[in-house]
Amino acid sequence: MVIAMPMSKGYPVMLAQGQSFTGQLIIDGIVYQFISKLLRKNIHPIPVWVVSLPVELKKVQLRSFVRTSAMIPVQFKLILPLANNDPEISADNPTFNVQTKDISGGGLQLVTRQPFEIGAKGQLVIDIPEGGIIVAIGEVVRVEQPQQENPVFWVGIKFLEVQERDRSKLIKYIFKKQLEQRQKGV
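If you're matching positions, the sequence shown starts at 1 in our numbering and goes up one per residue.
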């Protein structure tokens with residue numbers, strides 16, 4: 001099996017020939033983990049690793065999606081119901097510029113001074129570093145105030161609607177972020 005040579009901060013990841021490693025693979029938004037062995041490295045025409053075929057792919061399911069800490073700018077626009085209870089997103093709806101505390105392929109946690117109501121729905125415009133803009137519809141499922149004397153709230157939002165290509169971009173960003181954190185020893 002041939003894989004792109006893993007890079008960290010623009011430099012190739014160093015691994016000795018014959019050494020085993022654990023890898024992760026995303027297929028249709030589902031994360032799989034495998035163990036493989038580096039057989040050799042090829043540099044030309046592009047840097048790749050030739051690795052042994054994994055004996056098994058193990059589905060990773062600690063939760064629906066892997067979550068990581070990240071501070072990402074988000075615009076949260078409340079969706080207000082019309083008189084006939086149909087939701088509407090309009091320019092007049094209240095919009096809040098906030099940041100994430102953590103994020104996953106299934107939702108995120110915002111840090112805000114606004115205690116949104118559980119069940120409130122909104123449009124999320126998420127600016128993923130090196131991934132572009134992702135637009136999703138989400139619902140507030142949890143609100144915490146970590147310190148009673150401080151008017152800061154942690155608002156948990158699950159995604160109700162998100163394009164699969166956007167979810168894949170998000171999961172790719174999360175794995176990259178986790179790899180960076182592991183390499184820093186966090």
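Careful: at least some of the hints might be erroneous.
Straight-line distance between alpha carbons at most 30 Å, and here's what the computed BS3-like set of lysine-lysine pairs gives [stated by the list, open to error]:
(1) Lys184 x Lys121
(2) Lys77 x Lys37
(3) Lys41 x Lys184
(4) Lys184 x Lys59
(5) Lys58 x Lys121
(6) Lys172 x Lys41
(7) Lys37 x Lys169
(8) Lys121 x Lys9
(9) Lys158 x Lys169
(10) Lys121 x Lys41
(11) Lys77 x Lys9
(12) Lys176 x Lys158
(13) Lys169 x Lys58
(14) Lys9 x Lys176
(15) Lys77 x Lys184
(16) Lys9 x Lys101
(17) Lys59 x Lys77
(18) Lys121 x Lys177
(19) Lys158 x Lys37
(20) Lys101 x Lys158
(21) Lys158 x Lys41
(22) Lys58 x Lys37
(23) Lys37 x Lys121
Restraint ranges, calculated between C-beta atoms of paired labels, are given here [stated by the list, open to error]:
(24) Glu149 x Ser52: 35 to 41 Å
(25) Pro151 x Val2: 52 to 58 Å
(26) Met1 x Gln181: 22 to 28 Å
(27) Arg40 x Ser69: 15 to 21 Å
(28) Gln145 x Gln19: 44 to 50 Å
(29) Gln148 x Leu39: 56 to 62 Å
(30) Gly119 x Val152: 33 to 39 Å
(31) Glu161 x Thr68: 20 to 26 Å
I should point out that these hints are in silico values taken from the structure, not numbers from a laboratory. No experiment lies behind these values; they were computed from the predicted model shown. Glycine is no exception: its CB is placed at the ideal position from the N, C-alpha and C atoms.
Outcome of the hint check:
Under the criterion of a C-alpha separation no larger than 30 Å, the hint pairing lysine 184 with lysine 121 is inconsistent with the structure, at around 37 Å. With a CA separation close to 47 Å, the supplied pair lysine 77 and lysine 37 exceeds the 30 Å bound. Between lysine 41 and lysine 184, the direct Cα distance comes to roughly 25 Å. Compliance with the 30 Å bound is thereby established for this hinted pair. As the CA atoms of lysine 184 and lysine 59 are separated by approximately 26 Å, the hinted pair is consistent with the 30 Å bound.
Distance check on the hinted pair: lysine 58 and lysine 121 sit about 35 Å apart at the alpha-carbon level, beyond 30 Å; violated. A distance of roughly 24 Å separates the Cα atoms of lysine 172 and lysine 41; the hinted pair therefore holds under the 30 Å criterion. Simply put, lysine 37 and lysine 169 have alpha-carbon atoms about 27 Å apart, close enough for the 30 Å limit, and the pair holds. A hinted pair counts as satisfied when its Cα atoms are at most 30 Å apart, and lysine 121 with lysine 9 does not qualify at roughly 38 Å.
For the proposed pair lysine 158 and lysine 169, the alpha carbon gap of about 17 Å is at most 30 Å, so the pair holds. As the CA atoms of lysine 121 and lysine 41 are separated by approximately 49 Å, the hinted pair breaks the 30 Å bound. Distance check on the hinted pair: lysine 77 and lysine 9 sit about 35 Å apart at the alpha-carbon level, beyond 30 Å; violated. A threshold of 30 Å between alpha carbons decides the hint, and for lysine 176 with lysine 158 the separation of about 22 Å falls inside it, so the pair holds.
The straight-line distance between the Cα atoms of lysine 169 and lysine 58 is roughly 22 Å, inside the 30 Å bound, and the hint therefore holds. For the hint linking lysine 9 to lysine 176, the alpha-carbon distance of about 11 Å falls within 30 Å, and the restraint holds. Between the alpha carbons of lysine 77 and lysine 184 the distance comes to roughly 35 Å, so the proposed pair goes past 30 Å and is violated. Using a Cα cut-off of 30 Å, the hinted pair lysine 9 and lysine 101 holds, with the two alpha carbons roughly 23 Å apart.
Between lysine 59 and lysine 77 the CA atoms are separated by roughly 35 Å; this puts the pair beyond 30 Å, and the hint is violated. In summary, the hint linking lysine 121 to lysine 177 is supported, as the alpha carbons are separated by about 28 Å, within the 30 Å threshold. In summary, the hint linking lysine 158 to lysine 37 is not supported, as the alpha carbons are separated by about 37 Å, beyond the 30 Å threshold. With a CA separation close to 14 Å, the supplied pair lysine 101 and lysine 158 stays within the 30 Å bound.
A distance of roughly 41 Å separates the Cα atoms of lysine 158 and lysine 41; the hinted pair therefore is violated under the 30 Å criterion. Straight-line distance between C-alpha atoms of lysine 58 and lysine 37 comes to about 16 Å, which keeps the hinted pair within the 30 Å bound. Our distance criterion of 30 Å between C-alpha atoms is broken by lysine 37 and lysine 121, whose separation comes to about 46 Å. At roughly 56 Å, the beta-carbon separation of glutamate 149 and serine 52 lies outside the given 35 to 41 Å, and the hint is violated.
The given range of 52 to 58 Å is respected by proline 151 and valine 2, whose C-beta atoms sit roughly 54 Å from each other. Checked against the given bound of 22 to 28 Å, the beta carbons of methionine 1 and glutamine 181, roughly 27 Å apart, stay inside it. Judged by the Cβ atoms, the range 15 to 21 Å given for arginine 40 and serine 69 is violated: they are separated by roughly 36 Å. Hint check: glutamine 145 to glutamine 19, Cβ distance near 48 Å, so the stated range 44 to 50 Å holds.
At about 58 Å, the CB distance of glutamine 148 to leucine 39 agrees with the hint of 56 to 62 Å. Checked against the hint of 33 to 39 Å, the C-beta distance between glycine 119 and valine 152 comes to roughly 21 Å, which is inconsistent with it. Between glutamate 161 and threonine 68 the Cβ separation comes to about 22 Å, which falls inside the hinted range of 20 to 26 Å.
Comparing the model with each earlier hint shows violations of hints 1, 2, 5, 8, 10, 11, 15, 17, 19, 21, 23, 24, 27, 30; every other hint is respected.
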